[in-house]
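Residue numbers (numbering that gives the first Met the number 0), protein chains in the order written: chain D, 0 to 292; chain R, 0 to 334; chain F, 0 to 249.
Simulated from the structure, these hints should not be mistaken for lab results. Hints are supplied without guarantee of correctness; some may be wrong.
To list a few chain D residues with every Cβ distance to chain R over 12 Å, as calculated [as the list claims (entries may be wrong)]:
| id | residue |
| --- | --- |
| 1 | CYS9 |
| 2 | LEU107 |
| 3 | VAL126 |
| 4 | PRO266 |
| 5 | VAL279 |
Straight-line distance between alpha carbons at most 35 Å, and here's what the computed DSBU-like set of lysine-lysine pairs gives [unchecked claim]:
| id | chain 1 | residue 1 | chain 2 | residue 2 |
| --- | --- | --- | --- | --- |
| 6 | F | LYS108 | R | LYS276 |
| 7 | F | LYS140 | R | LYS6 |
| 8 | F | LYS154 | R | LYS276 |
| 9 | R | LYS35 | R | LYS6 |
| 10 | F | LYS140 | D | LYS262 |
| 11 | R | LYS276 | F | LYS111 |
| 12 | D | LYS284 | R | LYS109 |
| 13 | R | LYS35 | F | LYS140 |
| 14 | F | LYS108 | F | LYS140 |
| 15 | F | LYS140 | D | LYS284 |
| 16 | F | LYS108 | R | LYS6 |
| 17 | R | LYS109 | F | LYS154 |
| 18 | D | LYS262 | R | LYS6 |
Think of the CB as a built atom: it goes at the ideal place given N, C-alpha and C, for glycine as much as any other residue.
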Amino acid sequence: MDLTTFLIQCLNALQYGLLLFLVASGLTLIFGIMGVINLAHGSFYMIGAYMAYALSPVIEATLGGGFFLTLLIGLALAVLLGYLLEWAFYSYLYNRDHLQQVLMTYGLILVFEELRSLLVGDDVHGVQIPDFLSGSIPLGEVMSYPVYRLFVSAMCLVLVVGLFYIFNRTRLGMMIRAGASNREMIQSLGIDINFLYRVVFAAGFALAAFAGMVAAPVSSVYPGMGNEVLIICFVVVVIGGIGSIQGALVAALLIGFIDTFGKVLLPEAAGVLVYLAMAVILLWKPNGLFKAA
Amino acid sequence: MTMVNQKAIFVALFFLVLLAYPWLDGGSYGIDLVTKIMIYAIFALSLELLVGSTGLVCFGQAAFFGIGAYAAVLLSGEDGPASILWLLPASAGAAALYALAVGSLSLRTKGVYFIMVTLAFAQMAYFIVHDTPLGGGTDGIYLYFRPILGEWLVLDEPLVMYMFSLFCLVGTFGFLGVLLRSRFGRALAGIKENEQRMLGTGFVTYPYKLAAFTISGALAGLAGFLFAVKDGFVNPELLNWHLSGAALVMIILGGLGHLRGAITGAFAFMLLQEFFKSEAIFGEFARHWHLGLGLVIILAVAFLPSGLVGLPDVLRSRLAGSGVVPLKKLPEGGR
Amino acid sequence: MSNEILLRGQGITRRWGGLVAVNRVSIELSRNCLHAVIGTNGAGKSTLINLLSGEIPLSEGTVELLGNDVTTWSQPRRAMAGLGRSYQRNTIFPGFTVFENCRLAAQAKAQKGWNLWQPANRCPVSTHAAREAAHRAGLDKVLDRTAGLLSHGQKRQLEIAMCLATGPRVLLLDEPLAGMGAEETGRMLTLLDELRPDHAILLVEHDMDAVFRVADRITVMVNGTVIASGNPDEIRNSGEVREAYLGEGH
Chain D
0 MDLTTFLIQC LNALQYGLLL FLVASGLTLI FGIMGVINLA HGSFYMIGAY
50 MAYALSPVIE ATLGGGFFLT LLIGLALAVL LGYLLEWAFY SYLYNRDHLQ
100 QVLMTYGLIL VFEELRSLLV GDDVHGVQIP DFLSGSIPLG EVMSYPVYRL
150 FVSAMCLVLV VGLFYIFNRT RLGMMIRAGA SNREMIQSLG IDINFLYRVV
200 FAAGFALAAF AGMVAAPVSS VYPGMGNEVL IICFVVVVIG GIGSIQGALV
250 AALLIGFIDT FGKVLLPEAA GVLVYLAMAV ILLWKPNGLF KAA
Chain R
0 MTMVNQKAIF VALFFLVLLA YPWLDGGSYG IDLVTKIMIY AIFALSLELL
50 VGSTGLVCFG QAAFFGIGAY AAVLLSGEDG PASILWLLPA SAGAAALYAL
100 AVGSLSLRTK GVYFIMVTLA FAQMAYFIVH DTPLGGGTDG IYLYFRPILG
150 EWLVLDEPLV MYMFSLFCLV GTFGFLGVLL RSRFGRALAG IKENEQRMLG
200 TGFVTYPYKL AAFTISGALA GLAGFLFAVK DGFVNPELLN WHLSGAALVM
250 IILGGLGHLR GAITGAFAFM LLQEFFKSEA IFGEFARHWH LGLGLVIILA
300 VAFLPSGLVG LPDVLRSRLA GSGVVPLKKL PEGGR
Chain F
0 MSNEILLRGQ GITRRWGGLV AVNRVSIELS RNCLHAVIGT NGAGKSTLIN
50 LLSGEIPLSE GTVELLGNDV TTWSQPRRAM AGLGRSYQRN TIFPGFTVFE
100 NCRLAAQAKA QKGWNLWQPA NRCPVSTHAA REAAHRAGLD KVLDRTAGLL
150 SHGQKRQLEI AMCLATGPRV LLLDEPLAGM GAEETGRMLT LLDELRPDHA
200 ILLVEHDMDA VFRVADRITV MVNGTVIASG NPDEIRNSGE VREAYLGEGH
């Protein structure tokens, strides 16, 4: 592998890792704070991707288009949907056994997938990359790197920085951290727990949907895309340590690199590598790399 | 009549109905479907031993199922039918051996981490079967000859296959019933209720859990063996995590902590699936059968927190006028 | 003969990071002697029990049980060798009946884990020991009740019964009287009196009246260290103890 290929693969790994982090961060917080195992989290990603596919022509027709406008409207819709879902379904799950949560969120996966099939159909669809991001940057003499992928990484990085700022520097972040390490504690601090739950859930939904939206032009949209992401995100969450957002970041990048380089260097074993890594890490550290403090 | 007796009679009646079913509805479609459901019921029972009886939530059960199925195909030769007498124990044994290895490692973790480690090992098995030529890759492999036992048990016949599956189901149910009442089974129940106390009382819990894990793997392997023989064909999807998930859904839907719950769950899950898939009822919409299934599952969580086996109690309290317990008022936290 | 030492802890120390939870505690438990450990909250009393029973490993020191050095033994192994403990918070099997709680505890002595076919309730060793233990703890009338539905006092009795069902020589009891009414306390103290002749008992307890009524020896812990040890009169009259512990809020 020459240096250019290596660099390109690094960029790919970084982009994949950051996307995984956006989805996994919500999953780890919903689990860490509310104690809910949310199997439907992959569906949120899928919903985001399909919003990118379905919304852009509508917005093009009514508001004259605009890539960022689509993202913004999609995000707003995601927050709203997350808020409603929490109210309608998840708020009933907090004190239930984990296995009941598994059952209900499994039911939700089926419902979301079928609604998707009813509304959009079962075909694979490509999503247009906006013109101003559609170019490539030449790397070396024969290779080049698409601008859009760089843009995805950059957007994700901005979000990661923002997320860590909120998490470490604001009162809301303080409440979330307190909640992740000790659920009883926030109740005793006099924080409105219903509000906190709803905010975290809506944010988790929005992050996953956002990841889906920006990933859609690269991956295209297809049935079952949510489930693919779900399992790999659970891997990220447990490697990182449940409830730990730093852990999720480290684990997401780790998985991003293992998967990307695995596919290049050991294509016949690429599928196994991620799970092998998880098994080794958990046998070495049975509670993940970073236990929520 | 005591409650226990009532339940035993229900179970016995249920098995009798299964025994009579081929003559009640002789259609080949029905026989094939019920054979498949009974195999899944054995699979669900194997998981119930871990999840419902020991409190170990395994998310990699499909690997044992798939290994049992692949072993059945790979071990039976291409020149003539193998004998059930050795092929069945060999298939179940292969799955048990894998379970022993996976269990010995993954039992070092707990809770959700355990769920994920068992998933990880199952995914490894999946990708090994999927990506290597060992088991025919993504295309899977065919079973040339179905195994036999002498002259009188030839599994080529759908009816014989049906009866043999029923025999295995009743056998598994009886075996687990006896096992759970034994000292070993009570120790597993104690581990589920309170492992800390078990340690403090003098039980070294690890070998108990490992034994349960291995037995569960063997039973899942038995189900896999039956599945391979019934279809005459195996492919990597038998090891897919979707199947592990479906088994979990079956036993939760049926009601955890009861052997009959696993069987109820398997039948309910598969029959609901058939119902919503039925074009005679839903016409064009049958294509979207997941929607109905998903909604029923959500409703089941909302109104039947103890699963389908709790349905009689809910109905009884309904009739007595107390109504359904509202969701939010339910006691009992997560584990 | 009647007062041989059954459990001896020497220089027991446990550190959590930089924090010393239990600091060079030495303690001896003899048969026919009820040894109480008192101290403020966070003095390290429960940790001491956890260390003696093997639930958490020692940082330093040794534990000797019936003449054997058991410092490196696991908790189940110590339990099998005759060390019984009860917990501060109820750790019964809430879904089982009272009898089955005791029977399962007694089964530890006759595990036969490979026996997958014989029904557990046909194991005479464990059913007998379970009846006996439940009887001693005064639970005869509620044998078939689900343990999780018992009153608080009865749950505490069940804790002791499960402990007794394993036939221990040494009992480590973590606040058996917590949350009990006067009548229940009286019954429990009578039980302790009955157990005294053939057991070595360590009692961690906050109820001072009860402690001074039943204890033969009292050890006082503050901040993980033993500040005094002696018979009840000595402790009652010790200036140091009064200042550090009894003086406060008593």
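Comparing the hints with the structure gives:
Against the 12 Å criterion, CYS9(D) stays outside the reach of chain R, whose nearest CB is about 24 Å from its own CB. Annotated as non-interface, LEU107(D) brings its C-beta within 12 Å of a C-beta of chain R; the closest such distance is 7 Å. No beta-carbon of chain R is positioned within 12 Å of the beta-carbon of VAL126(D); the least distance is around 24 Å. In this structure PRO266(D) is not separated from chain R by more than 12 Å, as the shortest Cβ-Cβ distance comes to only about 9 Å.
Some Cβ of chain R comes within 12 Å of the Cβ of VAL279(D); the nearest lies about 9 Å off, and the non-interface call is violated. In summary, the hint linking LYS108(F) to LYS276(R) is not supported, as the alpha carbons are separated by about 55 Å, beyond the 35 Å threshold. Between LYS140(F) and LYS6(R) the CA atoms are separated by roughly 28 Å; this keeps the pair inside 35 Å, and the hint holds. With a CA separation close to 52 Å, the supplied pair LYS154(F) and LYS276(R) exceeds the 35 Å bound.
A C-alpha spacing of about 25 Å is found between LYS35(R) and LYS6(R), which places the hinted pair at or below 35 Å, so the restraint holds. This hinted pair does not check out: LYS140(F) and LYS262(D) have alpha carbons roughly 68 Å apart, beyond 35 Å. For the suggested pair LYS276(R) and LYS111(F), the alpha carbons sit about 49 Å apart, so the restraint of at most 35 Å is broken. Proposed proximity of LYS284(D) and LYS109(R) is supported: the alpha carbons are some 11 Å apart, at most 35 Å.
Between the alpha carbons of LYS35(R) and LYS140(F) the distance comes to roughly 49 Å, so the proposed pair goes past 35 Å and is violated. Taken as a hint, the LYS108(F) and LYS140(F) pair is honoured in the structure, with Cα atoms around 25 Å apart against an allowance of 35 Å. Pair hint LYS140(F) plus LYS284(D) does not hold up; C-alpha atoms about 48 Å apart against a cutoff of 35 Å. Restraint check: the Cα-Cα separation between LYS108(F) and LYS6(R) comes to about 33 Å, which is no more than 35 Å; the hinted pair holds.
About 28 Å separates the Cα atoms of LYS109(R) and LYS154(F), which keeps this hinted pair within 35 Å; it holds. At most 35 Å may separate the alpha-carbon atoms for a hinted pair to count; LYS262(D) and LYS6(R) exceed this at roughly 54 Å.
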